[in-house]
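K.L.:
Take the given structure of chain A and dock chain X to it, following the hints.
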Amino acid sequence: MKKKLVGFLFIILVVSLLMSTCLGAQKKKVTIRFATWAGTDEAKELQEIIDQLNAKSQQYIIEQDSNPADYDTRLLTQLSGRGGPDLFWVSSQRAAQLSAKGVMLDITKMLASSKHEAANIADYFEASLEPFKVKERIYGLPWIEQPVVLYVNRDLFDKANVTIPKGNWDWDKFLEVAQKLTIDNSGKNAGEKGFNKSAIKQWGFTVNGWPPAQIFVWQSGGDIIAPDFSCSPIDTPEAIRGFKFYADLINSPMVPSQQTIRDRGFDTMFRNQQVAMFMGGAADNLENRVDFRCEVIEVPMGPTGIKSTFADVLGMGINSKTKNPKAAFEALLDLTSAIHQWKVMPPRKSLATLETMNKLHPERSQAMQNIINSLAYAQPYRYFENYPDWDNIFWTQLMDPIVNNQGDPEELITIVKPLLDEKLK
Amino acid sequence: MERFVGTFIRWLITPVVLVLIAIGIYHLLKRLGWKHRQAMGLSLISPWIIGFLSFIAFPLVNSLFLSFTDYNLFNKPEWVGLRNYQWLFTKDIEFWPSIRLTLSYAALTLPIGVLGSLILAMLLNRKINGVGFFRTVFYLPAILPEVAVALLWRLFFNSESGLLNYILRPIFNLFNMGKPNWFGDPKFVLPAFVIMSVWGIFGTNTVVFLAALQGVPRSLYEVAELDGANFLKKFLHITVPQISPIILLQIIMGMIGALQVFTVAMFVRPTSAAGKFLNQLVYERGFTQLHMGEASAIAWVLFIIILLLTLLVFKTTPAWVYYEAEAKR
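Quick note, the sequences are listed as chains A and X, same order.
Our numbering applies: residue 1 is where the first sequence begins, and numbers increase by one.
Our numbering applies: residue 1001 is where the second sequence begins, and numbers increase by one.
Honestly, the hints are just simulated from the structure, not real lab data.
Errors might be hidden in some of the hints.
Simulated restraints, written as ranges between beta carbons of each label pair [unchecked claim]:
#	chain 1	residue 1	chain 2	residue 2	range
1	A	ARG289	X	ALA1148	25 to 33 Å
2	X	THR1136	A	THR73	36 to 44 Å
3	A	ARG264	X	PRO1245	44 to 52 Å
4	A	PHE292	X	ARG1269	26 to 34 Å
5	A	THR73	X	VAL1194	24 to 32 Å
Don't be surprised by glycine CBs; every beta carbon is placed ideally from N, CA and C.
Looking at chain A on its own, in the form it has when it is part of the complex (with noise of 0.2 Å):
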């Protein structure tokens, strides 16, 4: 019985020792293991590109792994470890935690002397670049950088007899715009008089924490975080009033309440056609998405007429553990080169032209020209290695009872605004 026990013991070692042995004979190439986000559709999409990448190089196997469920825990848990993926999606936000605790590989030297198309840094807009760079050293390639643009329902504009506003609008034009769009189950809208505000059925704009109230800060001239990361200058009238003007549009029967979004859906809202605007990243592709006419343009212009709007800007970083830097590189270039070619917008200036987009996203020619005009004006945050510290009481402390529970921002700014600048020391 013994002997059996141990002989069957031998053969299983055996034979796994063996199929390890094989697999290691088959190497040619070195496998490049790739960790994103993307969902069912996205990673279907991306396979394609990955497919088409591996048959031409003879460098690498670039193998996905998809986690679109609690996708950042798991990455962190794996990075910390030692079987953590060479290469990775990574958001701006954690690019810039990521880079400053050297879990990113610095690909600076390795970018200076490649002559791909992908590495070429002058192209980058420079904005795109600032969340992978430490000290002047890059970390990461953004293979996105997307504004937010308006995506409105053309249908409900012509119901309502609006005229949908091209190029330079501001605050005023787009309340006066929301208040028409905003329609009681009476048909009567929020300017007319007899409007009921409690049996609403159609509302102009909507909010919940999205779009981010930086936008209308940055549109009124002020500033969230300053430029040296000296401060969090939120207390200078220019941004109370991008603040006032937020809450104030999230406290008005133009934008339906928050228990409301919850309860039908944030984008839903705009796809089922009870809300007429929509503020979503130019990537978001609504207009060929939904069942009704709807067209992309310009977030409105601030009260001084500054431009401004929010730019996403996610990327891809490799593992400083990785056994394989030189393969995991080339792989890196050629496939934020794809995916530049793939989503909209590359952050390259090469490639951010209408003649080229136009070529690469013909099914979105109409919305193309708003989209790079936004992209001329857009900016990230300004991302820091402790900005999650930062961001956690600007949400909590500030924005939360802004969004949720109709909290008066100059009153909050002045208990905030010493929180947040400690957290900026």
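P.N.:
Structure of chain X alone, referenced to chain A:
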């Protein structure tokens, strides 16, 4: 594919290694003079001991160590002494609101949970037609996924179209009150979570009480009835003493469960102005802000709170918990 084969190989090798360790332990113990039965017993449970040491004991001790360090997952933990605890108690603006919210929640939900499940178990213990059906129905909540239930609660508590506000409308009208914004208004967050905790009455707790009630000898009730005892007297002097060890178990487990609430809170995401539950804070400090030292410190504070409260409950047991063949005066 290769990655999965690698995992499969490790999956094959691990049990082999564990069996070899068990055999090694057996031979070692035999050489040390242990009897066959003892050596065999210990070697057979060695895989579980190894699992316990690797996956429970080590992380536990390690988290205690980390709570005294500055650790962000990627650096070497740097010893900072009591700094994390000091920060929590004196400077962290979210810590005390979290303690308040978590303790208030536990204090309110524990009696509701224990009493509610006891009453329900007593009802299900009665000899009525179709009692099996009712027992099945009342156990169903235990098999529903927590997240799906949280989604239902979210709809139920919706301030505008939720069922709860619809039911309570006459009361609001009577007092000329607006409809409460259950998850948006900090005043209503705790009551909303307490109401949600009623769900915990059903399921396992009731089944455990039911089993305990069925273990109470019928003869005790018959004797009491002969002496003219009414329902309340029978309940207080027979039922409660007889099932008191189970009540103790339910109190301890209920308290631990209430203090560790996490999934529902993360899914419902009420306004942060009401504070966050301690486990939420542990997660956010650890995985969003990468302050593993602080997160570990919060987890240990939570552990100490649970330990102290458990000891407190145990301290009271001589007065009200009756074990078999034990006489109280």
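K.L.:
Are the hints correct? Go through all of them and say.
P.N.:
Do the hints match the structure? See the list:
{"no.": "1", "hint": "A:ARG289 x X:ALA1148: 25 to 33 Å", "in the structure": "27 Å, holds"}
{"no.": "2", "hint": "X:THR1136 x A:THR73: 36 to 44 Å", "in the structure": "37 Å, holds"}
{"no.": "3", "hint": "A:ARG264 x X:PRO1245: 44 to 52 Å", "in the structure": "50 Å, holds"}
{"no.": "4", "hint": "A:PHE292 x X:ARG1269: 26 to 34 Å", "in the structure": "31 Å, holds"}
{"no.": "5", "hint": "A:THR73 x X:VAL1194: 24 to 32 Å", "in the structure": "29 Å, holds"}
Checked against the numbered hints above, the structure breaks none of them.
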